[in-house]
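*Asks:* Could you build the full structure based on these sequences and the hints that come with them?
Number of protein chains: 2
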Amino acid sequence: MKKADIETPAVLIDADRLERNIRLMAEAAQRMGVALRPHFKTHKTIEIARMQLAAGAVGITCAKTTEAEVLIEAGVTDVFIANEVVGPAKVARLRELARRATTSVGIDDLAQAEPLAEAFAREGRPLAVLIEVDTGLGRCGLPPGQPVLALAEQVVRLRGLQLRGIFTHEGHVHRARTKAELEAMALAAGRAMVETAQLVRGHRLPCDVVSVGTTPAALITPTVPAVTEARPGSYVFYDRCHLRTWSATEEDLALTVLATVISRPARERVVVDAGTKVLSADHAGTRFDTFGLIRSHPDWRLAQANEEHGILAVPAGAEVAIGDRVELFPNHNCAVMNLADEVQVVRGEEVVARWRVAARGASR
Amino acid sequence: MKKADIETPAVLIDADRLERNIRLMAEAAQRMGVALRPHFKTHKTIEIARMQLAAGAVGITCAKTTEAEVLIEAGVTDVFIANEVVGPAKVARLRELARRATTSVGIDDLAQAEPLAEAFAREGRPLAVLIEVDTGLGRCGLPPGQPVLALAEQVVRLRGLQLRGIFTHEGHVHRARTKAELEAMALAAGRAMVETAQLVRGHRLPCDVVSVGTTPAALITPTVPAVTEARPGSYVFYDRCHLRTWSATEEDLALTVLATVISRPARERVVVDAGTKVLSADHAGTRFDTFGLIRSHPDWRLAQANEEHGILAVPAGAEVAIGDRVELFPNHNCAVMNLADEVQVVRGEEVVARWRVAARGASR
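Each protein sequence line maps, in turn, to chains Y and D. Going by my numbering, 1367 is the number at position 333 of the first sequence; the sequence numbering is gapless. Going by my numbering, 1205 is the number at position 171 of the second sequence; the sequence numbering is gapless.
Simulated from the structure, these hints should not be mistaken for laboratory data. Accuracy of the hints is not assured; some may be wrong.
Chain D regions said to be covered by chain Y (calculated; three or more residues, Cβ under 8 Å) [said to hold, decoys possible]:
#: 1; segment: 1170-1179
#: 2; segment: 1302-1312
#: 3; segment: 1341-1349
Negatives, chain D to chain Y, calculated, CB over 10 Å [claimed, not checked]:
#: 4; residue: L1058
#: 5; residue: A1069
#: 6; residue: A1088
#: 7; residue: A1155
#: 8; residue: E1157
#: 9; residue: V1190
#: 10; residue: Q1196
#: 11; residue: A1222
#: 12; residue: Q1232
#: 13; residue: S1330
#: 14; residue: R1381
The calculated label-pair distances, taken between Cβ atoms and stated as ranges, are [stated by the list, open to error]:
#: 15; chain 1: D; residue 1: R1329; chain 2: Y; residue 2: A1123; range: 15 to 25 Å
#: 16; chain 1: Y; residue 1: R1390; chain 2: D; residue 2: R1388; range: 17 to 27 Å
#: 17; chain 1: Y; residue 1: R1381; chain 2: D; residue 2: G1357; range: 40 to 50 Å
#: 18; chain 1: D; residue 1: E1081; chain 2: Y; residue 2: E1157; range: 37 to 47 Å
#: 19; chain 1: Y; residue 1: E1229; chain 2: D; residue 2: A1038; range: 35 to 45 Å
#: 20; chain 1: D; residue 1: R1390; chain 2: Y; residue 2: P1332; range: 40 to 50 Å
#: 21; chain 1: D; residue 1: P1240; chain 2: Y; residue 2: R1390; range: 40 to 50 Å
#: 22; chain 1: D; residue 1: A1350; chain 2: Y; residue 2: E1229; range: 20 to 30 Å
No experiment lies behind these values; they were computed from the predicted model shown. Glycine included, each C-beta is placed from N, C-alpha and C at the ideal position.
*Replies:* Structure below.
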């Protein structure tokens, strides 16, 4: 099949760019001397996880137990759930998963650790846990240093758990206003992690893993000596967020949404058949003032989107007609993949594969 | 099963509220003397479409051919695609659909009408079309009056099409700053539609249907004499958008997202396991400054959301612990349903049904 035959709206993956992005990040991790454990959240696709493992990734990161189920069902043997796992249904899921593959999870409070410990005390081997550290994002995680040590001291007393180390998601680097500021934020996060690990180890507690991860800082934070692992996710496709964080150029963007012009009700207004049901509304009105960029048309604006409509503001003289096709670069590809049942993989003008987004909607 | 046993995150539908919302809108349409053709886009669920038809709806509205396929496959006999349908794959879908059920579509340009006419000239009966009128939204559609007449004159010459009337989505009423302004906008839209229909009929062209629709104006626009049909969609659940457009109170909101507290990293910060993968990011940063409301906690704020995390700003003394559950009212329920594979239907504390969101992701 040709790209021209794809029914719209459709999510396209540029195979050449995807392969290059995976290769370059694997090489960078090797150069920096850290293990690469890429995050599943961006692509949610088994085929891409396998490409990452083939390029040298030590395992896959995900955020939810249902994502881990998809990965382990597909044969992935080492999965880290970089998130707190709470509730009896999820503890039961985890127990099943840990019987089938090397499984580890995040904690930031004894209230998550104790039910896990109780469940895993009855299993043959303990559950591996990593303490989440908040290096500036302001989401989950303990402040670096003493609070982490205090939890580590409690965790090592719980028979069902094995403390493997600490992890952070330094996603606050997205807020940097300059490249220098981003670098400073990433390095500060890495140093806080290493100092915290040294504090924990100084008290004769285990802390083998010092794991960091976010694509805009993926070539920076892991350069701090004694960081052991990197968990970037978005680098497989990159997106508009990475153009503004100095971590990608348009030539790196591997995902587009293909859309058809369905109406041109005014000279300066063009409506396409891809709206927020395909693009998501992520970052529109916050990080960005539009719903995405338009490939090959830097002077057109994806000014508005409703569920089924993308509304482009174009110059009055723009040559574009009903039936024409446009390719859009979304604001946030993780959200786009969570809306897509499948993607079309293209190489030039050829469709070379269709991949199912196996973990779309896996949020439990 | 009890509500307390539902694994989170989950989308809950309050059965009592849903039934009441459906009944009240059906009664209102009857009182206003218009046919009710509710929009599928909000619920995407066969069970709810059947409830609407049982309450007197004349048919169902949707936006895409793949939604129409789901409806017609489920036995719905009259479907209006209130949108422009462009491209050979979609024309082929439409031809199949029109063989199985009464199907009509929107147009606003001869460039959409001609390929449809060509395809349907070879069918046993013509395809019913309605001309879309832009009464202020600024999306698709022709301006009221003369431009609609001009297109109508061209359409009636096309053998494969049957001109049934005109339709508008007066969604611009969401921009009203006062209830009086909203009423004036809705009535103006209704009058523009009726005047346009009179103009078309005055030229001896058919215009049986004068169709309007948007939930905030659902009790207003159809009161303009000679409007024949109403197409509200969101009224089945209402959402936060309808609280600010004077069309619902919190007691009408029939959809919530059930979430579990997974972390309380600071006294004033609580993190739940529902983020934008469940809630969507719709209207956050544009129409609203947060990602939703929190049921029973008007002083808590759903200040931030990432894919898997909802971050609540709470008073430092708030009594809330890891493992507690909260119910969230999303900004935009149509987007929530497009992310959910199924919903849990609850009556009080009982789960009375699980419904599949049959048309989730149907965007072609």
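*Asks:* Determine for every hint whether it applies to the structure shown.
*Replies:* Going through the hints against the structure:
Chain Y is given as covering the segment 1170-1179 of chain D, and this holds because 5 residues of the stretch bring a CB closer than 8 Å to a CB of that chain, at least three being needed. Residue count for the segment 1302-1312 of chain D with a Cβ under 8 Å from a Cβ of chain Y: 8. That meets the three needed, and the coverage hint holds. A count of 4 residues in the segment 1341-1349 of chain D with a Cβ less than 8 Å from any Cβ of chain Y is obtained; the coverage claim is therefore met, three being the minimum. Against the 10 Å criterion, L1058(D) stays outside the reach of chain Y, whose nearest CB is about 24 Å from its own CB.
Against the 10 Å criterion, A1069(D) stays outside the reach of chain Y, whose nearest CB is about 23 Å from its own CB. Distance check for A1088(D) against chain Y: the nearest CB is about 26 Å away, which clears 10 Å, and the non-interface claim stands. Under the 10 Å C-beta cut-off, the non-interface status given to A1155(D) relative to chain Y holds; the minimum distance is some 19 Å. At the 10 Å boundary, the C-beta of E1157(D) stays outside the reach of chain Y, the nearest C-beta of that chain being 21 Å off.
Distance check on V1190(D): its Cβ is at least 20 Å (rounded) from any Cβ of chain Y, clearing the 10 Å threshold; non-interface status holds. Distance to chain Y confirms Q1196(D) as a non-interface residue, since its nearest Cβ pair spans about 21 Å, more than 10 Å. For A1222(D), the shortest C-beta to C-beta distance to chain Y comes to about 19 Å, beyond the 10 Å cut-off, and the non-interface label holds. Every CB of chain Y lies more than 10 Å from the CB of Q1232(D), the least distance being 22 Å, so the non-interface label holds.
Chain Y leaves S1330(D) outside its interface by the beta-carbon criterion, the shortest separation being 20 Å against a cut-off of 10 Å. Against chain Y, the non-interface label of R1381(D) holds: every CB pair exceeds 10 Å, the least being about 22 Å. For R1329(D) and A1123(Y), the hinted distance range of 15 to 25 Å is satisfied, since their beta carbons lie about 22 Å from each other. The given range of 17 to 27 Å is respected by R1390(Y) and R1388(D), whose C-beta atoms sit roughly 23 Å from each other.
Distance hint check for R1381(Y) and G1357(D): the Cβ-Cβ separation is about 49 Å, which falls inside the suggested range of 40 to 50 Å. Judged by the Cβ atoms, the range 37 to 47 Å given for E1081(D) and E1157(Y) holds: they are separated by roughly 41 Å. Our hint of 35 to 45 Å for E1229(Y) and A1038(D) holds, since their Cβ atoms are close to 43 Å apart. Restraint check, R1390(D) to P1332(Y): a C-beta distance of roughly 42 Å satisfies the suggested window 40 to 50 Å.
The hint said 40 to 50 Å for the Cβ distance between P1240(D) and R1390(Y), and at roughly 46 Å that hint holds. At roughly 28 Å, the beta carbons of A1350(D) and E1229(Y) sit within the given window of 20 to 30 Å.
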